[in-house]
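Undergrad: Residue numbers (the working numbering), protein chains in the order written: chain A, 70 to 408; chain B, 70 to 408.
Derived from the structure by calculation, the hints contain no laboratory data.
Because the structure is a prediction, the values reported are computed rather than measured.
Keep in mind that a hint or two might mislead.
As the list makes no split between identical chains, a pair holds if one copy fits it or if it spans any two.
[Said to hold, decoys possible] When the alpha-carbon atoms are kept at most 30 Å apart in a straight line, the in silico DSBU-like pairs for lysine-lysine are as follows: (1) K305 - K180; (2) K305 - K135; (3) K179 - K369; (4) K389 - K305; (5) K180 - K135.
Number of protein chains: 2
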Amino acid sequence: MNSPTRNTQIQLSRQRDGMPDLDDFEVHVVPTPEIADGEFLVRTIYLSLDPYIRKAMRGDHPGHAKLAPGEVIYGRAVCRIVRSRHADYKQGDYLVAETGWQNFAALTPKKVVQRIDPTLGPLSTALGVLGMPGLTAWGSVAHIAQPNVGDTFVVSAAAGPVGGTAGQLAKQAGARVVGIAGGKEKCDLVTRTYGFDACIDYKKSGWQDALAAACPGGIDIYHDNVGASLLNDLVKFFNLYARVVLCGRPADYHSGDFEGLSIGPIIGKRAVVRGMVVYDYEHDLARYQRVAAQLMREGKLRFKEDRVEGVESTPAHFLKLMRGENIGKAIVSVGPEKG
Amino acid sequence: MNSPTRNTQIQLSRQRDGMPDLDDFEVHVVPTPEIADGEFLVRTIYLSLDPYIRKAMRGDHPGHAKLAPGEVIYGRAVCRIVRSRHADYKQGDYLVAETGWQNFAALTPKKVVQRIDPTLGPLSTALGVLGMPGLTAWGSVAHIAQPNVGDTFVVSAAAGPVGGTAGQLAKQAGARVVGIAGGKEKCDLVTRTYGFDACIDYKKSGWQDALAAACPGGIDIYHDNVGASLLNDLVKFFNLYARVVLCGRPADYHSGDFEGLSIGPIIGKRAVVRGMVVYDYEHDLARYQRVAAQLMREGKLRFKEDRVEGVESTPAHFLKLMRGENIGKAIVSVGPEKG
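Could you build all of it, start to finish, from the sequences and the hints given here?
TA: Below is the structure:
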């Protein structure tokens, strides 16, 4: 079915606001593209599903035009070059690249996010702990928040690859680390696998009391992965001069509406609120990968993937991510690692 | 009428939300208070009117309990000790103290905000450019924002003592300084007296285009004196990594409702948003006053007062401040500087 002459792709069937559903996507089988001079053909191995894709589909994410019906859905993947007409990109090279949701893509270097050193860790981690989510955590923890021994570091969406990695990095820096996640299964992952000191289930009543109990010295750093609504709830637990890293707001990705941040309490706490964008830290990716790979070998940096098989499974797996039901980094296993 | 045995005071007549009116206040003449051991009697000279008083009346400002009808309205003033039973506070000493809106007050040292060195500048400036408003500007500019040569520094409520001083300090640091104020008279004060490079009248249509034209290199620093609503309008003019000092939100002082800060654009600009509270910088007041007094002598730091005479005039002058109609620091001249 995934023979080199046939390419299965997921196209947008209709453009609309709000939470997407399966009818927004259509599976099409098309010929595998030819490549021109300067291009190379890649085969998708692991497709990454990420909250930003929802915004990108609507044209509301840097570098992504609004999709028209019939266009392939945006997405990054671990892929392998199977044929090349570009001197710097050789058959057999592993890349993270903007393949979209399909088996094969003809690419130019512009679509390459990074090259992969397959000795650093499992290939799929180039999409998670060793890729952009991990680098996002690194930018937040190592470049911005810089937790110290004794700081209490709180992170939302703690079961995900950004939050989970951020908390583990902060833990290595000596901080007390408390996660916030939705549901017992995610909270267990955060404490048992990632080794956080505590994880608060925000879907349980009384979660704010539980958070206060888990942060007896108050919150010094908050890494926000969800948006202003939760942040407004947390400010009362902040210590003076607390630092906040704003990292994304998937709660707002479905539409342009969102709750704003109440600035009165921010003033009262003299809090420092910073926006961050991972692209600013791409220059530091190699250093981060060396640090992270070493921590992984020592068992101090763990990750969790939520995988399905086959490109046709992508829309349903994406909707699961949109509903927050994935446990760990959402990945579609599309093709073989070799061959 | 202001004889030492009779004390005119302004009391709260009723406690309610929303914009106050004259009926919320009542003038009462009561005996001048006796002083006990450890107390001293002060005579109010210049009463300071400030936006925070509205919040303090409602019990929504640190250290101020909600006022009950019959209680004297909160307020700070330049005052002189006329009788003392405290060894450290001598007759004739000048203070800024929490007198409330009245001619005489029996105080303990707890109510003293600062002592005044009358050689530094005109006595009334202890309430403005040499007092808490000036120190607020100093905390923002010298401690937090630290503008550099070539930075564009934008400040709202630019005609007021905080904004006007902040802009003049930033100008001394080499920044291009652009004010935002309401109405031609305020804007003229900001450019002609304070010497800002430009001032934008936010009450005129097209003010955003005028601001963009006044900031051809984008905004590097924004000192916010008004709240999230204006800030949300300004983020699109920010340069990457712009710094914001949140300093107060008088637009929200009348009630608990307010517009929130949209965090998506803050993330996109990688902006750094910090809350500040002037009380954190009281340890630096003497140093600031030396710097500011020298700048004033050199004609590089100017101020403007909006004065009325007599404690009975206080409510109307306060309402003028609440409506934003004052031009410069709002002061009530209550008693003589000497005698």
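Undergrad: Cα distance capped at 30 Å. Does K180 pair with K135 within a copy, between copies, both, or neither?
TA: Cα proximity of K180 and K135: one copy only (17 Å, versus 61 Å across).
Undergrad: Taking 30 Å as the upper bound on the Cα-Cα distance, should K179 and K369 be classified as within, between, both, or neither?
TA: Answer is neither: 34 Å inside a copy and 53 Å across each miss the 30 Å cutoff.
Undergrad: Within, between, both or neither: how does the pair K305, K135 come out at a Cα-Cα threshold of 30 Å?
TA: For K305 and K135, only the inter-copy Cα distance (21 Å) is at most 30 Å; the intra-copy one is 39 Å.
Undergrad: Go through the copies and call it for K389 and K305: within, between, both or neither, with a Cα cutoff of 30 Å.
TA: neither (32 Å within a copy, 34 Å between copies)
Undergrad: For the identical chains here, do K305 and K180 meet the 30 Å Cα criterion within one copy, between copies, both, or neither?
TA: between (44 Å within a copy, 28 Å between copies)
Hint compliance for this structure: hints 3 and 4 are broken, all remaining hints hold.
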